[in-house]
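What follows is each chain in one-letter form.
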Amino acid sequence: MTTPSKGFVIVASRNQNFYVYAVNLIESIKDWYPEAQICLVTEERFIDERADEADQIIFCTDHYRAKLWGMSQSPYDVTMYVDADMDCEHEDIAKVWDELGDRDLVFHELTPERGKYYAIREFKYNNRMEQFTLCGGVCLYNSANPLVREFMEEWFELFNKQHNNMWQPEGFDHEQFHKDLKHFDQTTLWYMTEKMEKYKDLKVGIFHDDIRWNYFTQYAYEGLHSIEGKPPILRHYSGSLQKDKLIV
Amino acid sequence: MARIWLDNAFWETPKKEILNAISEEEVDNRQIRQVHKLDKLNEDGTENELFQEVIEYLGMDKIDASSKKRLEKKQAEAELEKQKKLERERAKKLEQLFEYKLETFEIPEIKESKNRLLKSKLRRSKSIPEVNLYAMMIVKDALEDDNTK
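Those protein sequences? They're chains A and B, same order as listed. If you count by this note's numbering, then the first sequence holds residues 1 to 248, one letter each, in order. If you count by this note's numbering, then the second sequence holds residues 1001 to 1149, one letter each, in order.
Do not take every clue at face value.
Just the calculated beta-carbon pair ranges, DEER-fashion [stated by the list, open to error]:
id, chain 1, residue 1, chain 2, residue 2, range
1, B, Lys-1140, A, Pro-231, 52 to 58 Å
2, A, His-183, B, Lys-1140, 26 to 32 Å
3, B, Gln-1096, A, Leu-224, 19 to 25 Å
4, B, His-1036, A, His-178, 51 to 57 Å
No wet-lab data here; the hints were simulated from the structure. The beta-carbon is built from N, C-alpha and C at its ideal position, and this holds for glycine as well.
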């Protein structure tokens, strides 16, 4: 039996800054975990000598959610997707593969106390209030499982349709869907994991001490910390970076 | 129903001259709850009867105990708020530092540098002066490389 390949997927599209963030993230992961295999999914126009740090490069378009497409293209059997605007700060990054266990998809959890840092958490579905609980900032997945591959491909396809008003599953409040929900891949993720029969057997879980794997800088504003008192492994600068402003 | 005083009354001042207390009584079949801020003495220097009523009803020990408990709770809350403020400031500084590092990494000599060790040191820097220090070392390293070519 061959050992499954394991690697990180980082996506940088649409905005040059994301390429700069991605390069920094790749180098920061390798600072702590030199053997890490990293696949950079980016636009050809962004490439410069810094892309040499990536072990694989896949070109994508400037799609708004190239992230989802990139996740479906992983060259590895086990994949850790990480948002580009993050920074690796701890050697435990090398232990990420142990987090998968027998699960297919592992996420960071959107808990009530973290909810204020997300655009939306609660929404109406079949006249009941439902909640997003999975945050896609990081995702560890068994990409060797064909159903997981299909899940990733369909996540991208359905999100596209959802965003372009071509898909709205029954049960959502129409007005809220168009105003607040259709812009988020989290909406698609919720529907796929909670309502689609096809994916009901996928084992979806949460990282142990998950705050360490996707530590939004704003979490510190409220003193939110690791349950084990350990430092963050991946810090997420999503809310603080001026993404549309030139870095230099 | 006679007027009762809730046992969470507390001293507003260390000298025990102002008392904060909550009363409950029934007036015209309606339950009335009222918060009182009571001075020990009236304006004319005579004893405030309501103030004395609370002391007689609850006793000094009970008021002292609830005052102590309240003070400890307030101090703990203030300490927590202070910690939160510090955490927020630290987080803001970290965010600014990260942007500064990204900007520094865009300096051509640093961007093109293959000196992984120094670049890693720069990335792990905890302050702007430390970033500047490693940035200078990387640029110096690049210039020395150029000179040896």
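Hint by hint, here is what the structure shows:
{"no.": "1", "hint": "B:Lys-1140 - A:Pro-231: 52 to 58 Å", "in the structure": "violated, 31 Å"}
{"no.": "2", "hint": "A:His-183 - B:Lys-1140: 26 to 32 Å", "in the structure": "violated, 47 Å"}
{"no.": "3", "hint": "B:Gln-1096 - A:Leu-224: 19 to 25 Å", "in the structure": "holds, 20 Å"}
{"no.": "4", "hint": "B:His-1036 - A:His-178: 51 to 57 Å", "in the structure": "holds, 54 Å"}
Taken one by one, the earlier hints fail for this structure at numbers 1 and 2, listed in ascending order.
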